[in-house]
Amino acid sequence: MQTIEQLLDEAPALQGLAPEHRATLVGCASNCVFADGERIMREGDPSDAFYVIRDGAVALETEVPGRGTIVVHTLHDDELLGWSWLVPPYRVAFDARSLGTTHAIALDGACLRGKCEADPALGYELLKIVSTVFVERLHDTRVRLLDLYGKGAGA
Amino acid sequence: MPEPPIAYRVAEKRRETGDTWTLRLVPADGAAIARCAPGQFAMLYAFGVGEAPISISRIGADDAVVHTVRAVGAVTNAICAAQPGEVLGLRGPFGTVWPLTEADGRDVVIIAGGIGLAPLRPVIHELLAHRDRYGAVSVLYGGRSPANLLYMSELEAWRGRFDVDVDVIVDVGDADWRGRVGVVTRLIPRAVFDPQSAVAMVCGPEVMMRLTALALEDCGMSRDRIWLSLERGMTCATGHCGHCQLGPLFICKDGPVLRRDVVEPLMRVAEL
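Note that the protein sequences, when read in sequence, are chains U and H.
Be aware that the first sequence starts at 1, since it is given in our numbering, and climbs by one per residue.
Be aware that the second sequence starts at 1, since it is given in our numbering, and climbs by one per residue.
Excised from the complex, chain U in its bound form (with noise of 0.2 Å):
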């Protein structure tokens, strides 16, 4: 059974940080499990933590009226899951479920806000990391945006 510090340490997504910064992270972190078809957010809720996806996949949805559940993104190992415990009004944009087993370590935002501002340099690297995630989905959003497959698209 690993320490939810070995976690923090072997997950790739948080290999950015110094260790003396991942194990700043520990008393904010959990170990969690979520079970096939489990929701892990829902839109609208306050944003209370995010997850390091350990193993597993989580589908990013939202129902729209008349065509049902629209799944926007899926994530994968070793991605992040959930951005708006950093920025205010800190909440849910859209629901996560769980698509299968999924194996996470799940971050208190409130705990991580609250040791950014204590420690500057920390949040300064945090924030390197999940720029790289806002930029990375930003660039797929408007990739997607242009509708390269639909007709009239070329190919």
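Read the hints as simulated data drawn from the structure, not as lab findings.
Wrong hints could be hidden among the right ones.
[Unchecked claim] With a straight-line Cα cutoff of 25 Å, these simulated SDA-like cross-link-like pairs (lysine to any residue) come out:
no.: 1; chain 1: U; residue 1: K151; chain 2: H; residue 2: G50
no.: 2; chain 1: U; residue 1: K128; chain 2: U; residue 2: M1
no.: 3; chain 1: U; residue 1: K151; chain 2: H; residue 2: L246
no.: 4; chain 1: U; residue 1: K115; chain 2: U; residue 2: K128
Chain U is already provided as a structure; the job is to place chain H on it using the hints.
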């Protein structure tokens, strides 16, 4: 002057998605076009409507020619409306081929977007038919939605093999979709290949190919081992009319399969 089309009869027709059909064509009166190679295309003629360049999507042992066609305009709508027994015209095959010789002994990464899987399907068949000649083989496929994915049963069969890695991603999923949602470039870091020696073959919308090539380069693959299949308004298919001209290249005869280092400078010129 281009050769006149040869008559082919629609022998089978299969609906792939809401607007895409696969047609198996057989010679109507004995005459046949030359044997096709993976990557090539033919000019498919709907009599009384017009002609369109369509890639070969399967190469069999007989004279049959298989095309997967998306109904996006007058000609392709007419082709897709053709019923078994009806006759279409065929010219070809035209163009360059996927680099199977260069891929010999190397890892191969096949990356398709949308209907771009159709021109790559014959090369996948070839790789799997001679599996021992190649290193790791990855097939990465991106589509608009689960309902818009081509060749689902074949994708499942390929995925069931232990000697090929198949990964599929869609732009938007629904509640029943258990696979990945996102852009096809996100599959590249997960694929197993040696970036120093592997060969990549990419087909899809031009923007998708540009982004995919960049993602491959980010993994360490050099431009001279990335091949793209371009579509630029091929009309005569013989390099005379100039409709498909891209700088010094005529895509119908110098392409459609071209190496990234050859076409990348041209693809960046907005006026071309």
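Going through the hints against the structure:
Restraint check for U:K151 and H:G50: the C-alpha separation of about 19 Å stays at or below 25 Å, so the hint holds. This hinted pair does not check out: U:K128 and U:M1 have alpha carbons roughly 30 Å apart, beyond 25 Å. The straight-line distance between the Cα atoms of U:K151 and H:L246 is roughly 23 Å, inside the 25 Å bound, and the hint therefore holds. Only pairs whose Cα atoms come within 25 Å are accepted, and U:K115 paired with U:K128 is accepted, the gap being roughly 16 Å.
Checked against the numbered hints above, the structure breaks only hint 2 and satisfies the rest.
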